[in-house]
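Asker: Chains U and B, in that order, give the protein sequences. Going by the working numbering, the first residue of the first sequence is number 1, and it counts up by one from there. Going by the working numbering, the first residue of the second sequence is number 1001, and it counts up by one from there.
What the hints contain is simulated information worked out from the structure, not anything from laboratory work. Positions of the beta carbon are idealized from the N, C-alpha and C atoms, including for glycine. Honestly, I wouldn't trust all of these hints.
Under the rule of at most 25 angstroms between Cα atoms (straight-line distance), these lysine-lysine pairs were calculated in the DSS-like manner [said to hold, decoys possible]:
1. B:K1206 - B:K1135
2. U:K230 - U:K200
3. U:K6 - B:K1175
4. U:K6 - B:K1206
5. B:K1135 - B:K1175
6. B:K1175 - B:K1206
Residues from chain B that face chain U, not an exhaustive set, calculated with beta carbons under 8 angstroms [said to hold, decoys possible]:
7. G1075
8. F1086
9. F1290
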Amino acid sequence: MTRLLKLFRAEIVRSVLLTVRYPIELFVGLLIMYMLFMGLFLGARSLVRDTQMLSASLDGFIISYVMWFFVISAMGRLAFHIESEAQMGVLEQIFLTYPRMLALMLVRSAVDFFTSLVIVIALLISIMATTGKWLAIGTGNILELLILLVITVAGIYGFGLIFAGLALVFKRIGQVGSIMQFAFFFLAYFPVEQLTGWLKAALYSLPLTLGVSLIKTVIVEHGSVFSGSKSWLLLGLVINSVAYLLIGSVVFLICERKSRMDGRLGQY
Amino acid sequence: MCRILITKVKGTTDYQEAFRLEGLTKTFYPVLPWHRSRAVDAVRGVDLRVPRGCVFSLLGPNGAGKTTIIKMIAGLILPTAGSVTFYDRDGNRLRSRPRLGAVLEGSRNLYWRLSPIENIFYFGELKGLSLAQIKREAEVLLEMFDLTQKARASTQTLSRGMQQKVAVAVALLGKPDILLLDEPTLGLDVESSRLIQQRLRELVEKDGRTIILTTHQMELASRVADRIGVLSEGKLIAEDSLANLVAFFRQQDYELELPGAEWERLRAEVSAFRFTEEKRASGNEMRVTFHLDNRDGYFALSELLLARRPEFTTIRQVTPSLEDIFLQITRHYSDGEGGAA
Chain U
1 MTRLLKLFRA EIVRSVLLTV RYPIELFVGL LIMYMLFMGL FLGARSLVRD
51 TQMLSASLDG FIISYVMWFF VISAMGRLAF HIESEAQMGV LEQIFLTYPR
101 MLALMLVRSA VDFFTSLVIV IALLISIMAT TGKWLAIGTG NILELLILLV
151 ITVAGIYGFG LIFAGLALVF KRIGQVGSIM QFAFFFLAYF PVEQLTGWLK
201 AALYSLPLTL GVSLIKTVIV EHGSVFSGSK SWLLLGLVIN SVAYLLIGSV
251 VFLICERKSR MDGRLGQY
Chain B
1001 MCRILITKVK GTTDYQEAFR LEGLTKTFYP VLPWHRSRAV DAVRGVDLRV
1051 PRGCVFSLLG PNGAGKTTII KMIAGLILPT AGSVTFYDRD GNRLRSRPRL
1101 GAVLEGSRNL YWRLSPIENI FYFGELKGLS LAQIKREAEV LLEMFDLTQK
1151 ARASTQTLSR GMQQKVAVAV ALLGKPDILL LDEPTLGLDV ESSRLIQQRL
1201 RELVEKDGRT IILTTHQMEL ASRVADRIGV LSEGKLIAED SLANLVAFFR
1251 QQDYELELPG AEWERLRAEV SAFRFTEEKR ASGNEMRVTF HLDNRDGYFA
1301 LSELLLARRP EFTTIRQVTP SLEDIFLQIT RHYSDGEGGA A
């Protein structure tokens, strides 16, 4: 078995063990996310009196919220791993054991994505059951949605790598991360597709926005992104995500070197 | 100020080298560039050759640069200048490094929420070991450190001594060629400390591993170390085998025990020599320690004593403890007296 597969197995086992061992933490986290959604949903319902209009926009509302969950996971947890491991004093031990930290972070991102996916499915079912609004997800579009999800989330994790790198150098960056999460909350809900010109292009160049827009195309408009004019946007999404993954990786490597140069790897 | 290595390794070809430090230097700069004037020179041009199959102990006061050197050897800190070479391979290149194990900063090297066995499996897989290999080694290591009964307990519920033993066990996974230990027995009870010391010696004597150890505990260093390096203000100021260091420093001090009245008669006669006097707890006996600079001093003192024929009960050459040696070296260095052997 190659070293990378062993790394995957080690990370999956560690992630499962820590999740299973502390189920209350997981449950409380899910409950908070659910309650936050319900708060937003009830708030939106009190503002939008037109129930038909609300129903039409509810699909997009749910999609944006679920995608924002991935942002929280990618940005928060990658940097959180670094912060908490530096605090535990285990970060140096990990580096000593497996010095290719970028590879480790990419593997962690993949494992984290699958963990988040399981949580998101549970969250999504709860939300849909409560609101009575079931998203049009079925055998016809599930593969397309999964591909879109993976590509979009890859870009988000690329962006998360930047924060993980900054956490290596500055350690406590939780406040900045929180502000960024709010910024992404805004981006997830902002109707970028209704804009035109450079502002639309600029917002689409950020992680998340284009992906959310394309997922909405598949679920809300029952369209396809694999054919027609939207396929160009899919290509744009691929380029966007690859670019963020590359930028995130380069920033992470620079920060890792900076951290080792400054002797900050084990500091907290 | 004079900065001279007091003793040093004699020759470099009579043993196989585990690693070599050449001009190793580390200056820590603040993150903000406009604070560069606050830069700290943690390690300054350290040259060191460590033979394979020995315990090498780095001693030094707080801030001497011990941990920084250990971390540079481990690759956790990049040197500002100089190099680390393992078996003639560049230590800064990750691929060319030998298998290293390390325990740094006490017991903070583990996932506290995982059990010892889970930590062992996690780090074992990170090291690229097969599950069967990890299982085999885990059994041996848990047995070696008396951890079998606690293998499945949460690490955070274990005592500090046990956590430290788990950390050492994890570091030993994959049979590392070089083991780096930063204060491995600090804060441990006597039993745990002794067990770790015993295992470290076994690792060197039976398996031929090389162990680098930093410590403030002179007793630990004198029990387990084959060679000692003394650091002060980021510089290596002494380095040799423990036996050579003791032999070198034992020439200096001679201890005389004699009745108080005799000492009163003799004191004025020996005023040319440096000495410290101490009244014994029992009786009227005095213990006088002469601190002589060289063998000529010893002969001069001997002649004087022979001429005056005091009724002394004992005279013996003082065998200095490692603590005495350490204090002499660091004081000598910090006083800027210089001097070399």
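Asker: Does each hint hold? Answer for all of them.
Answerer: Hint-by-hint comparison with the structure:
| no. | hint | in the structure |
| --- | --- | --- |
| 1 | B:K1206 - B:K1135 | holds, 22 angstroms |
| 2 | U:K230 - U:K200 | holds, 15 angstroms |
| 3 | U:K6 - B:K1175 | holds, 18 angstroms |
| 4 | U:K6 - B:K1206 | violated, 30 angstroms |
| 5 | B:K1135 - B:K1175 | holds, 14 angstroms |
| 6 | B:K1175 - B:K1206 | holds, 13 angstroms |
| 7 | G1075 | holds, 7 angstroms |
| 8 | F1086 | violated, 14 angstroms |
| 9 | F1290 | violated, 45 angstroms |
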